[in-house]
Amino acid sequence: MTDWLIKHGRVVDPMGQLDVVADVHIRHGRIQAIAPGLEIPNIPRIDASRLIVAPGLVDLCARLREPGAEYKATISSETKAAAAGGITSLCIPPDTRPVLDTPAVVELIEQRAQQVNYRTKLYCLGALTRKLQGEQLSEMAALRRAGCVGVSNALRPIKDTLTRMRCMQYAKSMQMTLYLHAEEHSLAEHGCAHESALTAQLGLLGVPTSAETMAIAKDLILIEQTGVKAHFCRISSGRGARLIADGLAQELDISADVAAHQLHLTEAELADYDSNLHLRPPLRSETDRQSLLDYVRQGVISVICSDHQPHEAAAKFAPFPESEVGMSALETLLPLTLSAGKRANLSLSQTLALVTTNPAQRLGINAGHLAVGAEADICIFDPEYKWQPDQHWQSRGRNSVFLDREQQGKVFYTLVNGELVYQFPSE
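Under the numbering used here, think of the first position of the sequence shown as 1, with each following residue one higher.
There may be inaccurate statements among the hints.
Straight-line C-alpha distance at most 20 Å; calculated EDC-like pairs for lysine to aspartate or glutamate [unchecked claim]: (1) Lys131 <-> Asp95; (2) Lys7 <-> Asp47; (3) Lys7 <-> Glu39; (4) Lys229 <-> Asp253.
Ranges of calculated distance between the beta carbons of each label pair, as one might list FRET restraints [to be verified]: (5) Pro319 <-> Lys342: 51 to 59 Å; (6) Arg145 <-> Tyr385: 42 to 50 Å; (7) Arg166 <-> Pro36: 50 to 58 Å; (8) Asp404 <-> Arg30: 34 to 42 Å.
These aren't lab readings, by the way, just hints derived from the structure by calculation. Positions of the beta carbon are idealized from the N, C-alpha and C atoms, including for glycine.
Please model the entire structure based on the sequences and the hints provided.
And the structure:
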């Protein structure tokens, strides 16, 4: 491992409540010292003048498409994109092919990552039910021993409420966090956009807000009954976030995240039928967007994630309802989060916590912070730098409406365990 001396950067660590201009000495992959005026001879230096030195970002949801859909993207291509976005830890949902429901699949992902010299640390969510079919409980004990940091049924429905309760009871007994997608399948399965007068005019079949709120309400009752630790994934409506707030007021062990694009886009963008905006959950109203920002400011929604879903061109080259859902989003996570933080009147430290400290704590991993002795997973960025994503895109999936929209906030260096895995501009 290479030693480094990062000079003159503004070091911001939300966990340690640190915000100071200082130098950072990295030795053997770990942070050796953080202080102004450090002088260590004969080691490489990074001049971080006018740059922010922050913990590496932790992304709660990124589909890398391997194994099973390598024609869309690979571990190699998407960890390269993650590094370009300042992300040093990624969480993979269980809807890979084969499904992540046995230790063998966890090992397969680890082996493939090692083979391609991946650039980002990978963490897996195990399947909540076998094959994600929503009927039989998975072997959570074996998945936990294999290193899974939680369990989820991804976007697949669970057969009935009794099975759902049994899943929660088992997850509680295994002390595993349950990651829930709040969607009442019967109300959402045929829709492709937010149910409203606007989308009705566009001829798009809608997904009502009640598809989210009904699922949250039911899950909160079961969470209270079972005592399971739960995280609600990709909240999209103000009403849904309000229910989360009610659950937190009851002191339930819950948390919630929102995809970065939900804080910037609304259903109004669908007028051109851009299939890159076919998302799940769908983009909702401007009122919802503003409410989500309010709940981020209040801390009810404590995590922002990319919800990265790269696709090949053909997957989006179809009529809007028939195109595949999802957006390629690793490289825009930081600038979209910085912009959302400004709109929510958050400090830089509070904003960074949404993509560093908070997701790391929910995953239960030792990441998302800067401290002496910690692994040197570091993102160094310029919050003022304006750039065009299309000119620097690394992900194989180019399905993003932000490709041709100027962004502010650019990663200049990413280090994982003290190794420089990304530099802008590349040399």
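How the hints compare with the structure:
The straight-line distance between the Cα atoms of Lys131 and Asp95 is roughly 9 Å, inside the 20 Å bound, and the hint therefore holds. For the suggested pair Lys7 and Asp47, the alpha carbons sit about 5 Å apart, so the restraint of at most 20 Å is met. With a C-alpha separation of about 9 Å, the suggested pairing of Lys7 with Glu39 holds against the 20 Å cut-off. Proposed proximity of Lys229 and Asp253 is supported: the alpha carbons are some 5 Å apart, at most 20 Å.
Taken as a hint, the range 51 to 59 Å is violated for the pair Pro319 and Lys342, whose Cβ atoms sit roughly 36 Å apart. About 44 Å separates the C-beta atoms of Arg145 and Tyr385, a value consistent with the hinted range of 42 to 50 Å. A beta carbon spacing of about 56 Å between Arg166 and Pro36 agrees with the range 50 to 58 Å that was offered as a hint. Between Asp404 and Arg30 the Cβ separation comes to about 40 Å, which falls inside the hinted range of 34 to 42 Å.
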